[in-house]
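In the numbering used here, the protein residues as written are 5 to 271.
Errors might be hidden in some of the hints.
Simulated pairs of lysine-lysine, DSS-like, Cα-Cα distance not exceeding 30 Å [to be verified]:
id	residue 1	residue 2
1	K208	K111
2	K111	K264
3	K241	K111
4	K208	K246
5	K264	K208
6	K264	K246
7	K264	K241
8	K111	K246
9	K208	K241
What follows is a list of derived Cβ distance ranges for each label pair [to be verified]:
id	residue 1	residue 2	range
10	D255	H47	20 to 30 Å
11	T216	R67	17 to 27 Å
12	G247	T216	43 to 53 Å
13	R215	A71	15 to 25 Å
14	D191	K264	33 to 43 Å
15	R89	L237	18 to 28 Å
16	Q113	G258	36 to 46 Å
17	L178	A270	38 to 48 Å
18	L237	A71	34 to 44 Å
19	T53	D255	34 to 44 Å
20	T152	P91	27 to 37 Å
21	R84	V141	16 to 26 Å
Read the hints as simulated data drawn from the structure, not as lab findings. The C-beta atom is built at its ideal place from N, Cα and C for all residues, glycine as well.
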Amino acid sequence: MKAFLKKLIRSSGYIIVRAPKGSTGASPTKGNDGEYRIEFIRHDFEGNTYLVPRYAAHRSAARAILADTYYEPDTHRAVREVLSRFPGAMVHAGTFFGDMLPSFSAKAQRVYAFEPALENFVLANLCKDANDLQNVVLFNAALTEEVTSVRINTSAPDGEHFGGGSRVAESGHLMTGLSIDSLGLSDLSIIQLDVERHELSALKGAEQTIRTQRPLVMIEDNLAECDAFLGGLGYTKIADLKGLGCWASSDRSGDFDFLKELEASAD
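Input sequences plus hints: build the corresponding full structure.
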């Protein structure tokens, strides 16, 4: 790791260590002098380096990378194909330890990535650094309807870390919430959200961006809370990739027929 990154992490009261053999998947633990240890497993896959969190090694995304495969491979294929056909930037929220960053970065002009849990963010930033992903702009923040402060719940009562399932809640660590509209983005091709039932708030904070940029919207919205909102913006659901809903501006839905083909092949 670069010296400046080590200094930055230590100034926040954190240290980064390789996971010792036999260590458990517990949450980051407090060490000497108030330091917190973030244990990870360094793993190389398809020419990229990942810092897989030991505290969340039980999570599907972590297990997939350690098994030399991608979690949600259809998401990777869809994003890369869209960006190949319609070059531009993307918003990627729910970054976890950065398991999707190298793949998305290879096709996007710029990736605006959001990860609210600090320990996940640190490892995602190390992934960005290790792979020299200069077109990735990474935020330690949640996506919200407006610029505000929110709380993030990162672990269950028994201490098991939620990993990529950390969510905005009434209790937890106090942190920053940003809206997509506050970023003033242009040339946006995709908004991709996996933010644990916080999708509607994130989309409301992107309303002006969606109206002006008309990006493809890819969301995990199992409760269908976003249907009416997106429909009101003139969007139509064009495909469902194993729970990842793909929404396009109604006047552009034909541009994304290849996603319907991908949906059919995924079944």
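Hints versus structure:
no.: 1; hint: K208 to K111; verdict: 27 Å, holds
no.: 2; hint: K111 to K264; verdict: 21 Å, holds
no.: 3; hint: K241 to K111; verdict: 24 Å, holds
no.: 4; hint: K208 to K246; verdict: 24 Å, holds
no.: 5; hint: K264 to K208; verdict: 26 Å, holds
no.: 6; hint: K264 to K246; verdict: 12 Å, holds
no.: 7; hint: K264 to K241; verdict: 10 Å, holds
no.: 8; hint: K111 to K246; verdict: 22 Å, holds
no.: 9; hint: K208 to K241; verdict: 17 Å, holds
no.: 10; hint: D255 to H47: 20 to 30 Å; verdict: 43 Å, violated
no.: 11; hint: T216 to R67: 17 to 27 Å; verdict: 39 Å, violated
no.: 12; hint: G247 to T216: 43 to 53 Å; verdict: 28 Å, violated
no.: 13; hint: R215 to A71: 15 to 25 Å; verdict: 41 Å, violated
no.: 14; hint: D191 to K264: 33 to 43 Å; verdict: 25 Å, violated
no.: 15; hint: R89 to L237: 18 to 28 Å; verdict: 22 Å, holds
no.: 16; hint: Q113 to G258: 36 to 46 Å; verdict: 24 Å, violated
no.: 17; hint: L178 to A270: 38 to 48 Å; verdict: 39 Å, holds
no.: 18; hint: L237 to A71: 34 to 44 Å; verdict: 39 Å, holds
no.: 19; hint: T53 to D255: 34 to 44 Å; verdict: 42 Å, holds
no.: 20; hint: T152 to P91: 27 to 37 Å; verdict: 32 Å, holds
no.: 21; hint: R84 to V141: 16 to 26 Å; verdict: 19 Å, holds
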